[in-house]
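Taking the hints into account, I'd like the entire structure generated from these sequences.
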Amino acid sequence: METDRRDFIRTFSALAAAGVFSARMPWLSGLYAQEALRKVKLGMIGVGSRGSLLLTLLQEVPGVEITCFCDDYEPNFDRAQQMIGAGATGYTDYRKMLDQEQIDGVVIATPLDLHARMTIDALDAGLHVFCEKAMAKTYEECDLMLQAHRRNNKILYIGHQRLFSARTLKGIKEIERGSIGDVTQIRAYWHRNNDWRRPVPSPELERRINWRLYREYSCGLMTELASHHLQVANWILRENPDYVWGSGSINHWKDGREVYDNVNLVYHYPSGTHVVYDSLISNKKYGMQIEVQGPLGTIELETAYIFKEFPEPAPGILQLLNNIEKQVFDVVPVGGPTWVPEDPSEDRGTYLLERIIKSDGTDIQMASFVSDVRNNRLDPWLTEQGYSSGIATLMGYESMLSNRIVTWPEGLSL
Amino acid sequence: MQTIYRQIRSMGTVMDLVLPGSQDAYADLLVKEMRAELGRIEQRLSVYRPDSDISVINRAASKGMVTLDREMAGIFNELFLFHQETRGFFDVTMKPVLDFFLEHGAAAGAVPDHITGAAGMEHLRLEGDRIRFMKKGMQIDLGGYGKGYAMRKILEIMTSKGVENALISFGGSLVYGLGSHPYGNSWKISVPVPGNSDGLTFELKDETLSTSGNSLNNRKKFGNSGHIVNPETLRTREGNGLVSVTATDPVRAEVFSTALFSAGRQRAMELARLHPDLKVGCFFV
Numbered sequence: 001m002e003t004d005r006r007d008f009i010r011t012f013s014a015l016a017a018a019g020v021f022s023a024r025m026p027w028l029s030g031l032y033a034q035e036a037l038r039k040v041k042l043g044m045i046g047v048g049s050r051g052s053l054l055l056t057l058l059q060e061v062p063g064v065e066i067t068c069f070c071d072d073y074e075p076n077f078d079r080a081q082q083m084i085g086a087g088a089t090g091y092t093d094y095r096k097m098l099d100q101e102q103i104d105g106v107v108i109a110t111p112l113d114l115h116a117r118m119t120i121d122a123l124d125a126g127l128h129v130f131c132e133k134a135m136a137k138t139y140e141e142c143d144l145m146l147q148a149h150r151r152n153n154k155i156l157y158i159g160h161q162r163l164f165s166a167r168t169l170k171g172i173k174e175i176e177r178g179s180i181g182d183v184t185q186i187r188a189y190w191h192r193n194n195d196w197r198r199p200v201p202s203p204e205l206e207r208r209i210n211w212r213l214y215r216e217y218s219c220g221l222m223t224e225l226a227s228h229h230l231q232v233a234n235w236i237l238r239e240n241p242d243y244v245w246g247s248g249s250i251n252h253w254k255d256g257r258e259v260y261d262n263v264n265l266v267y268h269y270p271s272g273t274h275v276v277y278d279s280l281i282s283n284k285k286y287g288m289q290i291e292v293q294g295p296l297g298t299i300e301l302e303t304a305y306i307f308k309e310f311p312e313p314a315p316g317i318l319q320l321l322n323n324i325e326k327q328v329f330d331v332v333p334v335g336g337p338t339w340v341p342e343d344p345s346e347d348r349g350t351y352l353l354e355r356i357i358k359s360d361g362t363d364i365q366m367a368s369f370v371s372d373v374r375n376n377r378l379d380p381w382l383t384e385q386g387y388s389s390g391i392a393t394l395m396g397y398e399s400m401l402s403n404r405i406v407t408w409p410e411g412l413s414l
Numbered sequence: 001m002q003t004i005y006r007q008i009r010s011m012g013t014v015m016d017l018v019l020p021g022s023q024d025a026y027a028d029l030l031v032k033e034m035r036a037e038l039g040r041i042e043q044r045l046s047v048y049r050p051d052s053d054i055s056v057i058n059r060a061a062s063k064g065m066v067t068l069d070r071e072m073a074g075i076f077n078e079l080f081l082f083h084q085e086t087r088g089f090f091d092v093t094m095k096p097v098l099d100f101f102l103e104h105g106a107a108a109g110a111v112p113d114h115i116t117g118a119a120g121m122e123h124l125r126l127e128g129d130r131i132r133f134m135k136k137g138m139q140i141d142l143g144g145y146g147k148g149y150a151m152r153k154i155l156e157i158m159t160s161k162g163v164e165n166a167l168i169s170f171g172g173s174l175v176y177g178l179g180s181h182p183y184g185n186s187w188k189i190s191v192p193v194p195g196n197s198d199g200l201t202f203e204l205k206d207e208t209l210s211t212s213g214n215s216l217n218n219r220k221k222f223g224n225s226g227h228i229v230n231p232e233t234l235r236t237r238e239g240n241g242l243v244s245v246t247a248t249d250p251v252r253a254e255v256f257s258t259a260l261f262s263a264g265r266q267r268a269m270e271l272a273r274l275h276p277d278l279k280v281g282c283f284f285v
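Top line first, the protein sequences correspond to chains A and B.
The first sequence runs 1 to 414 under this note's numbering.
The second sequence runs 1 to 285 under this note's numbering.
Please keep in mind that the hints were generated in silico from the structure rather than gathered at the bench.
Just so it is clear, the structure is predicted and the values come from calculations on it, not from any experiment.
Ideal Cβ placement from N, Cα and C applies to all residues, glycine included.
Accuracy of the hints is not assured; some may be wrong.
Stated by the list, open to error - Incomplete in silico selection of chain A near chain B, CB under 8 angstroms:
| # | residue |
| --- | --- |
| 1 | Phe310 |
| 2 | Pro311 |
| 3 | Pro313 |
| 4 | Ala314 |
| 5 | Ile317 |
| 6 | Leu320 |
| 7 | Leu321 |
| 8 | Asn322 |
| 9 | Ile324 |
| 10 | Phe329 |
| 11 | Asp330 |
| 12 | Val331 |
| 13 | Val332 |
| 14 | Gly336 |
| 15 | Pro337 |
Unchecked claim - Computed spacing ranges between beta-carbons, pair by pair:
| # | chain 1 | residue 1 | chain 2 | residue 2 | range |
| --- | --- | --- | --- | --- | --- |
| 16 | A | Lys254 | B | Pro50 | 33 to 43 angstroms |
| 17 | B | Lys153 | A | Asn322 | 27 to 37 angstroms |
| 18 | B | Pro50 | A | Pro295 | 31 to 41 angstroms |
| 19 | B | Arg35 | A | Lys254 | 43 to 53 angstroms |
| 20 | B | Glu103 | A | Trp381 | 51 to 61 angstroms |
| 21 | B | Arg35 | A | Arg150 | 48 to 58 angstroms |
| 22 | B | Lys136 | A | Phe329 | 51 to 61 angstroms |
| 23 | A | Val328 | B | Phe80 | 36 to 46 angstroms |
| 24 | A | Lys358 | B | Glu122 | 52 to 62 angstroms |
| 25 | A | Leu53 | B | His114 | 35 to 45 angstroms |
| 26 | B | Arg35 | A | Glu176 | 24 to 34 angstroms |
| 27 | B | Arg35 | A | Thr303 | 50 to 60 angstroms |
This is the structure we're talking about:
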């Protein structure tokens, strides 16, 4: 465990060293402080594939005790018990767990349709909550979750780890510095090439295990993938989309699934900026990216590369330009064997970080949640990021289902 | 004084333009025209494009005579003139030899006969506007010529638009000083070399400075084998070193810097003495 902790601390120091914590990112500032490590007691609700990953990451955060967990699927239950050890009490009913356990908060990683109920119950039980993305399956559920968070004055994190990823943070800092000028368009996509299924031990478990494929439980690619990029888009633009139009279909994986295997949407924001989004699971050539475009350049956030529209002059040319400005006539070192290797003429971009950081932010996000729980520190903005992404995600989904333009719903709490 | 700076990516490198006393709108028009012309030349002369004119010639000329249009015929005539003027040290048929060293490294043994046999402009037959490769496997690479040609065309555009003063740098290896610096009577340029803090210095007034050699960047890409072949020994020039040449005509400057570097110090000095119009600076390890 010592090694794991060191790994975590190393990642975190790397983030600090990369200068990604700016004053505009107050939710990270708490992590600076050397805290007295009062034990934080947490319970897990849902320990499937995502839940067990979150559990592993939590076990690497200093000062955390996972005292209980809940899962109604036996293989998950057994695995969790093994991971945490006999000291933790296992439940198959989360309400019982909330009633019986003395804990500070819960981490919820269950199918989308369960998020709202479980989150609201936990908040009303006086607990802090980390709930996986997307926030919820309907506008009303998102709103009720936000209200419960406000009413109880308890922390509510939605699992958008890009808020804590070094690459995204550095990229957004660069955007705020004006490196690409005003953002005029965001192009985002998430492409995979697989059936998006999980193995099912017996047919009656199909809908339960592959819940992501059925409309009763999930909104498919929108809630499971697009919500991340929409959160980042809302964050960059510092506003929420006022309308969206989209189109989706099942054109490849015709295997009885109900959710689209390809989606295409255009989000319009009040400033006149558009977010153009597409996702599919029948081709992975282009992978995943958020391309933030402006008159001075493009930033690819997922990989933290910047591409300047007007690249800097060669060093000697820069010196010449400075000399002319100062009315100086002097020798400038412009000549030499080709200073740029003779390669195809494309600009391969400049990496924004000083060294490669592999973390996608999930580990830092879990550490931040623990730290906030320990210090009872609420950041409403952070919750609102999950909320506005959740609403935007559902707007896109509704637009595709109804084949019409969908506007930001009226009567919401935000 | 307002000075306009523009950059054009073309021909595998970057062209920097410094235009003192110009206006944005005017520079944009100029750049637009230059970009189009550079694109056109690249499409004609680049061996990196499989559909360029030179690639078509490379595929067809060993099978039979290929008829050249007027511009290409002019270019081939010039290639032969420079081949003679440089006593064979400028030779556009060295690509198969270079490819061999890039693949096998500087320490590679003897170059196979079928490659050496196909190297040498004496195996190129130019009859009026028709060209033919007399040996199988011959390949033409205009690497030591194309940028000079492009610079010449760029200067034609500038002159036709009435530009009087400008500095144009094609990746640093080819620099043209048009007119003069706004606060001087020329453009003062240096080429950094190890062990000499001033570097090699040149004053350009309507002149080109061309530099050929093995730079750090080139070595990263080409390894120790270098990237310029000596047509006499059919080996690449290894180690650090460079040759800078100034001439009024950009093509002449580029051709001679390539030829002199490939020739090595001794032969370069002999060759340079035959052409007093050129100013030559060199650095060899």
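Hold the hint about A:Gly336 up to the distance rule: shortest CB distance to chain B must be less than 8 angstroms.
holds, 5 angstroms
Restraint: A:Pro313 near chain B, CB-CB cut 8 angstroms. Satisfied or not?
holds, 5 angstroms
Using the beta carbons of B:Arg35 and A:Lys254, state whether their distance is inside 43 to 53 angstroms or not.
holds, 48 angstroms
Kindly confirm whether 51 to 61 angstroms is satisfied by the beta carbon distance between B:Glu103 and A:Trp381.
Distance hint for B:Glu103, A:Trp381 holds at roughly 58 angstroms.
Status of the A:Ile317 interface restraint (C-beta, 8 angstroms, chain B)
holds, 5 angstroms
For A:Lys254 and B:Pro50, compare the CB-CB distance with the range 33 to 43 angstroms and indicate the outcome.
Because 40 angstroms falls inside the window, the suggested range holds.
Is it true that A:Leu53 and B:His114 lie within 35 to 45 angstroms of each other by Cβ?
The hint (35 to 45 angstroms, Cβ to Cβ) is violated, given that A:Leu53 and B:His114 are roughly 59 angstroms apart.
Verify the CB-CB distance for B:Arg35 and A:Arg150 against the hinted window 48 to 58 angstroms.
Holds, since B:Arg35 and A:Arg150 (Cβ atoms, about 57 angstroms apart) stay within the stated range.
Restraint check, 8 angstroms cut-off on beta carbons, for A:Leu321 near chain B:
holds, 6 angstroms
Hold the hint about A:Leu320 up to the distance rule: shortest CB distance to chain B must be less than 8 angstroms.
With Cβ-Cβ at 6 angstroms, under 8 angstroms, it holds.
Lying within 27 to 37 angstroms: is that true of the beta-carbon distance B:Lys153 to A:Asn322?
holds, 30 angstroms
If you take the shortest Cβ to Cβ gap from A:Phe310 to chain B, is it below 8 angstroms?
holds, 7 angstroms
Taken one by one, the earlier hints fail for this structure at numbers 8, 25 and 27, listed in ascending order.
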